[in-house]
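Chains as they are written, first to last, in this note's numbering: chain W, 1 to 113; chain E, 1001 to 1113.
The set of hints was computed from the structure by calculation and includes no laboratory data.
Any given hint could turn out to be false.
[Claimed, not checked] Derived DSSO-like pairs (lysine-lysine); straight-line CA-CA distance at most 30 Å:
#, chain 1, residue 1, chain 2, residue 2
1, W, Lys-16, W, Lys-70
2, E, Lys-1068, W, Lys-70
3, W, Lys-73, W, Lys-3
4, W, Lys-16, E, Lys-1078
5, W, Lys-73, W, Lys-16
6, E, Lys-1024, E, Lys-1078
[To be verified] With the Cβ distance kept under 7 Å, some of the chain W side facing chain E (calculated, not the full set):
#, residue
7, Phe-12
8, Ala-18
9, Val-19
10, Pro-40
11, Glu-44
12, Phe-47
13, Tyr-54
14, Tyr-64
15, Lys-95
16, Phe-103
17, Arg-105
18, Val-111
Glycine included, C-beta positions come from ideal geometry on N, C-alpha and C.
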Amino acid sequence: AQKITQTQPGMFVQEKEAVTLDCTYDTSDQSYGLFWYKQPSSGEMIFLIYQGSYDEQNATEGRYSLNFQKARKSANLVISASQLGDSAMYFCVLKGGSYIPTFGRGTSLIVHP
Amino acid sequence: DAGVIQSPRHEVTEMGQEVTLRCKPISGHDYLFWYRQTMMRGLELLIYFNNNVPIDDSGMPEDRFSAKMPNASFSTLKIQPSEPRDSAVYFCASSPSGNNEQFFGPGTRLTVL
């Protein structure tokens, strides 16, 4: 069975600072993918970043980077230089060999001016 | 491309009525997913299709729920009869392959009175 754990229900960060959103996972699959999505208050789900289990380098997409520690089974999202528009729910997602996505419960991020 | 299209965006109905939610995936995407999101349960995968064939429907809550994908460009999720506890936001998402990121539609907010 697959499992995603996001232990931070809510996070606060000052504008322009960096923030790390935690995600740990569990799977018996050797090949899998980890995804992060953002859901602002308007409700849409926006794909941010992807990390494959065999990727040797951490994924980066603009201000987003994924701190992938395979041995610890963690895939933390790092947002650099936070902006007010980063305030949203953030979901960590695991997809294994069955292609069935497993979502975490999410972390609510609030960016203060 | 217009992205994933869902209709209606909002639906208010009375208990016992039939509800049909519609989804048009992105052209060329072979995978289609239906999700339900509530505050209590988070984001739940209901069913997913590969090449119009239902692959896993273990998330469908009960027999009142049914989903079809008659062709590559259209899918429906039907609830009959609807109950107040079905009130939620229902998302449709499509993906070009099983291990790619999913592209979400804007969601349908369903309220059953």
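Hints, verified against the model:
Among the hinted pairs, W/Lys-16 with W/Lys-70 is consistent with the structure: their alpha-carbon atoms are about 29 Å apart, no more than 30 Å. A distance of roughly 38 Å separates the Cα atoms of E/Lys-1068 and W/Lys-70; the hinted pair therefore is violated under the 30 Å criterion. At roughly 11 Å between alpha-carbon atoms, W/Lys-73 and W/Lys-3 fall within 30 Å of each other, so this suggested pair holds. Distance check on the hinted pair: W/Lys-16 and E/Lys-1078 sit about 45 Å apart at the alpha-carbon level, beyond 30 Å; violated.
Of the pairs offered as hints, the one joining W/Lys-73 and W/Lys-16 holds, with about 29 Å between alpha carbons and a cut-off of 30 Å not exceeded. A C-alpha spacing of about 15 Å is found between E/Lys-1024 and E/Lys-1078, which places the hinted pair at or below 30 Å, so the restraint holds. For W/Phe-12, the suggested interface contact is broken, since its CB lies about 20 Å from the closest CB of chain E, more than 7 Å. For W/Ala-18, the interface hint is violated, since its Cβ never comes within 7 Å of a Cβ in chain E; the closest pair sits about 24 Å apart.
Given the 7 Å rule on beta carbons, the hint for W/Val-19 is violated: about 21 Å separates it from the nearest Cβ of chain E. Given hint, W/Pro-40 at the interface with chain E, is violated; its Cβ is 12 Å from that chain's nearest Cβ, farther than 7 Å. At its closest, the beta carbon of W/Glu-44 sits 6 Å from a beta carbon of chain E; the interface hint therefore holds under the 7 Å criterion. The beta carbon of W/Phe-47 is positioned within 7 Å of a beta carbon in chain E (closest approach about 4 Å), and the interface hint is therefore held.
At its closest, the beta carbon of W/Tyr-54 sits 11 Å from a beta carbon of chain E; the interface hint therefore is violated under the 7 Å criterion. About 13 Å separates the beta-carbon of W/Tyr-64 from the nearest beta-carbon of chain E, more than 7 Å, and the hint is not met. Annotation: W/Lys-95 was flagged as interfacial toward chain E, and the flag holds, the nearest CB pair being 6 Å apart, inside 7 Å. Because the smallest distance between the Cβ of W/Phe-103 and any Cβ of chain E comes to about 5 Å, under 7 Å, the interface hint for this residue holds.
A hinted interface residue such as W/Arg-105 counts as satisfied when its beta carbon comes closer than 7 Å to some beta carbon of chain E; here the least separation is about 5 Å, so the hint holds. Checking W/Val-111 against chain E: minimum C-beta separation of about 22 Å lies over 7 Å; hint violated.
Violated hints, in rising order: 2, 4, 7, 8, 9, 10, 13, 14, 18; the structure is consistent with all others.
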